[in-house]
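Protein chains: 2
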Amino acid sequence: MKGEPVKYEYQTSLRWTGEKKGILSCEDKPDIMVACPPEFGGHPGIWSPEDIFLASVEICTMTTLLWFTNKENLTLKSYSSEASGTVKMHGGMFQFSSITVKMRIGISSEDDRARVEKMLKKAERACLITNSIQTVVHIESEIVVG
Amino acid sequence: MKGEPVKYEYQTSLRWTGEKKGILSCEDKPDIMVACPPEFGGHPGIWSPEDIFLASVEICTMTTLLWFTNKENLTLKSYSSEASGTVKMHGGMFQFSSITVKMRIGISSEDDRARVEKMLKKAERACLITNSIQTVVHIESEIVVG
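As they're listed, the protein sequences go chains B and X.
Sequential numbering of the first sequence, starting at 1, is according to our numbering.
Sequential numbering of the second sequence, starting at 1, is according to our numbering.
Excised from the complex, chain B in its bound form (with noise of 0.2 Å):
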């Protein structure tokens, strides 16, 4: 007998606190503060919903590449990325365009550097949020011995 599909849920909370500010709650994690960023007449020094959703994309990027490696028993040294993304106006509503996210990852044999490589194709396409979404995600790797 075949199973139900996979299908796993998800859920947030969000409280208005005044201003462009709110409070992001997520069952047993800790809260952040949230808020509209200074270019749309909001707060500095606040994480912004285009943070957030940026961050989305360079997190499960990461996480996507761990899980491969993790299956396939490579230990990096490390990993470090930083993801930019440019939003602009497109009929007559903004959007983010594009998003770059260059990662350095550290691996402590350069018999790994083939694994790796075929891993990260992997992992970029089988990104879960990249999937989700319609900007287009460029990824840019060095991967470094030691």
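I should point out that these hints are in silico values taken from the structure, not numbers from a laboratory.
Please note that the accuracy of each hint is not assured.
[Unchecked claim] Stretch by stretch, here's where chain B covers chain X in the computed footprint (C-beta under 8 Å, at least three residues):
no. : segment
1   : 13-25
2   : 40-50
[Claimed, not checked] Derived Cβ-Cβ restraints for the label pairs, each shown as a range:
no. : chain 1 : residue 1 : chain 2 : residue 2 : range
3   : X       : Gly41     : B       : Glu27     : 38 to 46 Å
4   : X       : Gly41     : B       : Glu19     : 37 to 45 Å
5   : X       : Val6      : B       : Arg113    : 52 to 60 Å
6   : B       : Glu19     : X       : Pro30     : 29 to 37 Å
Where is the CB? At the ideal position from N, CA and C, for every residue including glycine.
Following the hints, position chain X against chain B.
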């Protein structure tokens, strides 16, 4: 002389800290610990890319409405929302298939109801994040006086 088209740039950065966890940073904002969620072999109690993605839609829905209420000099009494998102397999890859944002909006007087309803419709169309994703976003609103 016509100026350059309006565009905005966003940046975030991420550093892997071992297991399936990392530290998310954005200029002068507080760092956020993030991780792959338990259902994909990660960690409970830590913000996941799925939570963060869902949150970006929920926050932008609020900030876009606040942009309209502010512009039209209407002051809300309160605003809170709950967002839920479903991830399913599609074409061999997981993606967010749907998101629902249920909001509860407090207004000062019954006289404000029609204006708020009109702004809600505008905000739904103008939400920058909703306009950047493939996932269908359903908005449900309850407007209460007081």
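Do the hints match the structure? See the list:
no.: 1; hint: 13-25; in the structure: holds (count 7)
no.: 2; hint: 40-50; in the structure: holds (count 10)
no.: 3; hint: X:Gly41 with B:Glu27: 38 to 46 Å; in the structure: violated, 19 Å
no.: 4; hint: X:Gly41 with B:Glu19: 37 to 45 Å; in the structure: holds, 40 Å
no.: 5; hint: X:Val6 with B:Arg113: 52 to 60 Å; in the structure: violated, 42 Å
no.: 6; hint: B:Glu19 with X:Pro30: 29 to 37 Å; in the structure: violated, 18 Å
In this structure, the earlier hints numbered 3, 5 and 6 are contradicted, and the remaining ones agree with it.
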